[in-house]
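Just need the whole structure built from these sequences, with the hints factored in.
Just so you know, the sequences run in chain order A and B.
In this text, residue positions in the first sequence follow the numbering used here: the first is 9, and each later residue adds one.
In this text, residue positions in the second sequence follow the numbering used here: the first is 26, and each later residue adds one.
For the record, the hints were derived by calculation from the structure and aren't laboratory data.
Check the hints yourself; a few may be wrong.
[To be verified] Below 25 Å or equal to it, Euclidean Cα-Cα: the simulated PhoX-like pairs (lysine-lysine) are:
id	chain 1	residue 1	chain 2	residue 2
1	A	K111	B	K232
2	A	K76	B	K164
3	A	K76	B	K232
4	A	K111	B	K183
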Amino acid sequence: MSYQPTTYYTSRRQQNWSRNQNTTRFVSAVKLGPVAHTILVALMITVLGLIYLTQATRTTGYDYAAQKIDSQIAELNEERADLQIENARLTALETVKNSAVAKEMTTPASTEFVE
Amino acid sequence: MNLDLPKNGYSRKLAYVILAIAALFVLRLFYLQIIKHSYYVDQARAIQERRFVLPAQRGEIYALDGESPVKLVMNQTVYTVFADPKTITQKDEIIETLREVAGGNLRQGFADLLDQTDTRYQVLGTKLTTTQRDKIKAKNYYGIGFQAVSQRVYPEGKLASQVLGFVNAEGTGAYGIEGYMNERLKGEDGLLQSVADVRDVPLTIGKNNIRIEPQNGDDLVLSIDRNIQSKVEQAILAGVDRTGAPQISALVMNPNTGRVMAMANYPSYNPAEFYKVRDAAIFNNNTISVPYEPGSTIKAFTMATAIDKNVAHATDTYNNTDYITVGDRTISNASKGRTGLITFQTAMEWSLNTGFVTIAQRLGDGRNINRTARDTMYDYFYNRFRLGQATGVELSNEAYGSIISPQSSMGNEVRYSNMSFGQGMESTMLQVAAGFSSAVNGGTYYQPSVVAGVLKGGEIESTKPEVKQAGLIAGSTSRELVGMLQQARRSSFPGADKPGYIVGGKTGTSQVIRNGAYSEAETIASYVGFGGSDRPEYVIMIQVAGKDRVWQGSRDAMPIFTDISNWMIDYLKLRPKG
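Rendered as structure tokens:
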């Protein structure tokens, strides 16, 4: 497999060196071939995929948390309903009539309207 | 990229093979992902997506306690405990725990059900409370599960059961307000469509998620006052003890609004245990569902018609011979002896049929109940007082009753003579009470109603009383009638009422048809009356009935009215007139 070196772009300013200007320039010694490029692209895609999956999983995690909170709300609503029923039973007419206080009550012999 | 593979070499051939295979993959993927895209998306959706019903909460039902709403019907989540007999491992412990925690809720022989290992689902107990469920759940038994069920709860027990009705096993309201207002009470279920995991936990991923919130049912506030209702039910039971009657019904309404304040029947039932009732007739609210011939209570309507048409007044007289002939029939008074020239007030006090047949004749040519008389009576009875028509009260199974039109061949002179004292026609107690209310309130017919409003945010959004017809009789007619009924009560039942109040009413003892003819051995007793301080503030109607017995309005129904009426005066804090 032969390899054609890259033709570097050279700016005009660099071509027209001025006096006392430094004439050297940096060229990396590391050369990336097509396989390396392919691998890098694949790696980048993999990383992006992983990031996506992480986010999606995190959202699902929130779903479970939300579900848990919903269940708690439902449980608390049930408890509240049970308490309301108990309250209604305790204040029901029959309960009130049979209470010790009610049993002590008597019918007034006569009533008068105050002007 | 240029691969230097030797021509005809194995590498080149291999490359072609790989290329061909890759091309096959690409084609196959193209087919699956592009061409069959919709099909597989639908398949995936069917597996991943779930549709959850978000149940609407059924509206609660309230009664009034004075002005405040109090709960009559509530919702409670209860649990059915079931077992998978094939998978349970701690049978003895399960039995012991269930007996200890939910003894009263278990099915008979539930322990044997656990031995039926060829089945996967056995209900062990029903209606467990949340606390009971939690105690069993805490044991973590394998193969034991719970199913939540919503049920109606009645903190006031049997109170107003026939007004309320019940919710049947299918979750549908039946009878009473539950049946009539089922659509408003049940609300509308919501929907959650979402991708779910294997445990059916809905997840937010996915583009097709739908969430429609449930619309809970309306919380209805009835015009029934729980204190009046309780008193009426007590008075009925006292009446049952006193008379031995197998059926008594009563209703109390406000004549100035049409609102029903109490409605009760004996026998009754417990709506929480409706499934134990063996005779479905007990579910009926007899005050609206069973039309009958109301008897002499209708004399109040005949008198109102006469006064309004100016053909007879309280002090006008007629010659009473205790008998009167109409067509080929002779009609007699039940109470005889007050013969001679007597006033219509006397006829009202002694409930003399001859007096009211005479009125019917005077509505015509004075001697016959001719077409003019019959048309007038029909107009007042049916069109104005609305007897024989369903009232439209918000309760299911309301009956119509019947008033035969004079246009019909059945609407002849004899029938209308009978109608003048409440025979030969059928109406429900509510129809009579509503018509009577309009006769004593000055002449305004209010739509009878059991609904006071809707509870929203703890406040009652009241519905306004609906006037169906104003001025159906003149105010002076109404005042004269009130005076007559007051006098009739005072003379017949002196000392029955608290002094200083206007209390009046009319008894009724009506014959019933058995085997096609009026029976001598069976009657229905009624009483309809009003009470108040300056004007009628309440109207009470009582009915006492039972097969093969003679029930009398004055003996059997009137005392129940008196019991309730005197209590109402105290409860409503009515001031006596000077």
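Structure-based check of all given hints:
1. A:K111 - B:K232: Outside the cut-off at roughly 65 Å; violated.
2. A:K76 - B:K164: This hinted pair holds, its Cα atoms lying about 21 Å apart.
3. A:K76 - B:K232: holds (23 Å)
4. A:K111 - B:K183: Holds - the C-alpha atoms of B:K183 and A:K111 are around 22 Å apart, at most 25 Å.
The structure does not agree with numbered hint 1 stated previously, though it agrees with all others.
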